[in-house]
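Undergrad: Here are the chains, one letter per residue:
There are 2 protein chains.
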Amino acid sequence: VLATTPSERLSYLDRRGAPELREALAAYLNRVRGTAATADRIVITNGFAQALRLLTELVRARGGRRIGVEDPGQRDAVRAARDSGLDVAAIPVDEHGIQIEPLLRADPDAVILTPAHQFPTGAVLAADRRAALVDWARGRGRLIVEDDYDAEYRYDREPIGAIQGLAPDHVAYAGSASKTLAPGLRVGWLILPDAYVDEVAAFKETVDRGSPSLEQLALADFLAHGDFDRHLRRMRPIYRARRDALLRSIRHHLPDAEPVGASAGLHVLAWLPDWVDDAAVVARVRREGVAAEHVSQYYGPDLEGGSARARSGLLFGYGTVAERAIDEGVRLIAAAI
Amino acid sequence: VLATTPSERLSYLDRRGAPELREALAAYLNRVRGTAATADRIVITNGFAQALRLLTELVRARGGRRIGVEDPGQRDAVRAARDSGLDVAAIPVDEHGIQIEPLLRADPDAVILTPAHQFPTGAVLAADRRAALVDWARGRGRLIVEDDYDAEYRYDREPIGAIQGLAPDHVAYAGSASKTLAPGLRVGWLILPDAYVDEVAAFKETVDRGSPSLEQLALADFLAHGDFDRHLRRMRPIYRARRDALLRSIRHHLPDAEPVGASAGLHVLAWLPDWVDDAAVVARVRREGVAAEHVSQYYGPDLEGGSARARSGLLFGYGTVAERAIDEGVRLIAAAI
Numbered sequence: 001v002l003a004t005t006p007s008e009r010l011s012y013l014d015r016r017g018a019p020e021l022r023e024a025l026a027a028y029l030n031r032v033r034g035t036a037a038t039a040d041r042i043v044i045t046n047g048f049a050q051a052l053r054l055l056t057e058l059v060r061a062r063g064g065r066r067i068g069v070e071d072p073g074q075r076d077a078v079r080a081a082r083d084s085g086l087d088v089a090a091i092p093v094d095e096h097g098i099q100i101e102p103l104l105r106a107d108p109d110a111v112i113l114t115p116a117h118q119f120p121t122g123a124v125l126a127a128d129r130r131a132a133l134v135d136w137a138r139g140r141g142r143l144i145v146e147d148d149y150d151a152e153y154r155y156d157r158e159p160i161g162a163i164q165g166l167a168p169d170h171v172a173y174a175g176s177a178s179k180t181l182a183p184g185l186r187v188g189w190l191i192l193p194d195a196y197v198d199e200v201a202a203f204k205e206t207v208d209r210g211s212p213s214l215e216q217l218a219l220a221d222f223l224a225h226g227d228f229d230r231h232l233r234r235m236r237p238i239y240r241a242r243r244d245a246l247l248r249s250i251r252h253h254l255p256d257a258e259p260v261g262a263s264a265g266l267h268v269l270a271w272l273p274d275w276v277d278d279a280a281v282v283a284r285v286r287r288e289g290v291a292a293e294h295v296s297q298y299y300g301p302d303l304e305g306g307s308a309r310a311r312s313g314l315l316f317g318y319g320t321v322a323e324r325a326i327d328e329g330v331r332l333i334a335a336a337i
Numbered sequence: 001v002l003a004t005t006p007s008e009r010l011s012y013l014d015r016r017g018a019p020e021l022r023e024a025l026a027a028y029l030n031r032v033r034g035t036a037a038t039a040d041r042i043v044i045t046n047g048f049a050q051a052l053r054l055l056t057e058l059v060r061a062r063g064g065r066r067i068g069v070e071d072p073g074q075r076d077a078v079r080a081a082r083d084s085g086l087d088v089a090a091i092p093v094d095e096h097g098i099q100i101e102p103l104l105r106a107d108p109d110a111v112i113l114t115p116a117h118q119f120p121t122g123a124v125l126a127a128d129r130r131a132a133l134v135d136w137a138r139g140r141g142r143l144i145v146e147d148d149y150d151a152e153y154r155y156d157r158e159p160i161g162a163i164q165g166l167a168p169d170h171v172a173y174a175g176s177a178s179k180t181l182a183p184g185l186r187v188g189w190l191i192l193p194d195a196y197v198d199e200v201a202a203f204k205e206t207v208d209r210g211s212p213s214l215e216q217l218a219l220a221d222f223l224a225h226g227d228f229d230r231h232l233r234r235m236r237p238i239y240r241a242r243r244d245a246l247l248r249s250i251r252h253h254l255p256d257a258e259p260v261g262a263s264a265g266l267h268v269l270a271w272l273p274d275w276v277d278d279a280a281v282v283a284r285v286r287r288e289g290v291a292a293e294h295v296s297q298y299y300g301p302d303l304e305g306g307s308a309r310a311r312s313g314l315l316f317g318y319g320t321v322a323e324r325a326i327d328e329g330v331r332l333i334a335a336a337i
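Chains as they are written, first to last, in this note's numbering: chain A, 1 to 337; chain B, 1 to 337.
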């Protein structure tokens, strides 16, 4: 791209992003994630963080007051919603993903969720819940924000398709290159319901007049020539081997821990007995260079309907850890506990 | 940078931006623009647009209600202020830059201005006004937002230094690579008063978790090795020749027009007789492939204190126009008038 891009492509782009990238993403996501995308319904963002913020601004601008988030769930969603002046309702998650009854009771203007691989529990949203979720959004005119953050990495079968493909007029689908390539690229994307595209593109223009050109054009090229597919095919067995090694080490060193979630993504959650202070364990092993996370930080006792009491557990990320370092890390964690 | 950057630098960066770039910018701006910058007071943004929005959010978060803008002036400032929920007061500009009496009367919480080369009039802010501006900001605890958008290009003498260097605790200095390198890089920067750095960095983190790494590291390298200085030295005579050709063509084809402003930047404003509808002229020549802008769009009759009546005039940009195309463009404009 550096060698071939004419300099006028380094001027301001279409505020939705480079057309080449929007075309390439629509083709890729429709094929691999089962979305119903067209290039003109895609807006390129600076990673998922900006995509999320544009959506919370949209909900607010349309008169919305409340957003539902998964509990436990990604706290970025809580911050973005609050920064946009929205209240946040916590919707509990179990081993089949977000629970529908509490969602219907809370009935927020929009809900942000991770159906392909719930963060942090790793649950895959059950088929009947997907259907119920879409019924709710259609029937009440609510917005589903689908955070498809690591769906490219499923190790035991084909990943479940995106909800966006079932209800493109009721779902804002968000993805990024942060988990598959690198966070420092800051490339994310939204597939939007027709009715929201212009408004979100206008927000994007006011906040920063569009994302940088080079990363967009390079990623478009990478997608269009099949390099992205090849990269994923190359990485899947590597991550799977790390995941298997991690699960073996957990069984060996932490027999009381209970690993959960689908064989997917770049992290494993293992529940711990409730007497273990997960935050204290993390603080201790961090001093020894081990970077686990405590799951209790992802609960929302401060949110409407949030769990009063967080479960204890540890998140083990293996996206950047060599296989041979995994066992030693888990051993140190066991010692700390 | 692509060849040598270790992959961990493509993870999330310091939310203020890459340390290398902040170091290189502080050294460059202190030397060339007379700023008083240190790397830890710099925040990297996605171009000036985002820098501006972060500042209007800051003013709002600190309880501010009103921002002053130049009239005529850049309308982006008006949009950013309104998007942040602020009222906007228009402060008139004359051939010595922003006028101080109306600023003192309006006394907004902050004022956004282009002292080195006022946009669109090309005026350089007079020395006594610079002093009065700083006195006002110091005395009342107001914030000066200094938009130093094209100060690298001064053709007849050394450019006047940045106001930030006179009052670093009262000025937020904003610059970008859009005029010197390319808008599509989306690299901008803020030098902030100590008291505001953490707050602006936190805003930056919530809105997009930081700017992309590669452009930052490449620009840091470009600055640190003197390539940026060489680029400017190479471009100045090219732009100056275009500017001279443009002024000759204006004198020749548009004898009633009155070009104004310092010998600087990438555009010339020429006032037109008031009977000329500048917007109509622009619309007409655009169909013939000539991209002038009408100055009347930069007035704020909708703003508190804004000029009720805009002057007629045309802005001729020469940043991307070959010297030989200039005369034909001006000839077509004269014919349209």
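Keep in mind that the hints are not guaranteed to be accurate.
If several chains are the same, the list does not tell them apart, and a pair holds so long as it fits within one copy or across any two.
[As the list claims (entries may be wrong)] Keeping only pairs whose Cα atoms sit at most 20 Å apart, straight-line, the calculated SDA-like set for lysine to any residue is:
#, residue 1, residue 2
1, Lys179, Arg209
2, Lys179, Leu10
3, Lys179, Asp14
4, Lys179, Ala336
5, Lys179, Arg75
6, Lys179, Ser307
7, Lys179, Ala291
8, Lys179, Arg82
9, Lys179, Glu8
10, Lys179, His231
11, Lys179, Asp76
12, Lys179, His96
13, Lys179, Glu328
14, Lys179, Ala137
15, Lys179, Ala334
16, Lys179, Ala310
17, Lys179, Arg251
18, Lys179, Gly305
19, Lys179, Arg60
Quick caveat, the hints were computed from the structure, so don't treat them as lab data.
Undergrad: Now tell me, hint by hint, if it's right for this structure.
TA: Checked hints:
| no. | hint | in the structure |
| --- | --- | --- |
| 1 | Lys179 to Arg209 | between (25 Å within a copy, 14 Å between copies) |
| 2 | Lys179 to Leu10 | between (26 Å within a copy, 12 Å between copies) |
| 3 | Lys179 to Asp14 | between (26 Å within a copy, 18 Å between copies) |
| 4 | Lys179 to Ala336 | neither (29 Å within a copy, 55 Å between copies) |
| 5 | Lys179 to Arg75 | within (17 Å within a copy, 38 Å between copies) |
| 6 | Lys179 to Ser307 | neither (28 Å within a copy, 52 Å between copies) |
| 7 | Lys179 to Ala291 | within (17 Å within a copy, 42 Å between copies) |
| 8 | Lys179 to Arg82 | neither (25 Å within a copy, 35 Å between copies) |
| 9 | Lys179 to Glu8 | between (31 Å within a copy, 13 Å between copies) |
| 10 | Lys179 to His231 | within (12 Å within a copy, 36 Å between copies) |
| 11 | Lys179 to Asp76 | within (16 Å within a copy, 34 Å between copies) |
| 12 | Lys179 to His96 | neither (23 Å within a copy, 52 Å between copies) |
| 13 | Lys179 to Glu328 | neither (24 Å within a copy, 52 Å between copies) |
| 14 | Lys179 to Ala137 | neither (28 Å within a copy, 45 Å between copies) |
| 15 | Lys179 to Ala334 | neither (28 Å within a copy, 56 Å between copies) |
| 16 | Lys179 to Ala310 | neither (27 Å within a copy, 51 Å between copies) |
| 17 | Lys179 to Arg251 | neither (26 Å within a copy, 58 Å between copies) |
| 18 | Lys179 to Gly305 | neither (30 Å within a copy, 50 Å between copies) |
| 19 | Lys179 to Arg60 | neither (28 Å within a copy, 34 Å between copies) |
In this structure, the earlier hints numbered 4, 6, 8, 12, 13, 14, 15, 16, 17, 18 and 19 are contradicted, and the remaining ones agree with it.
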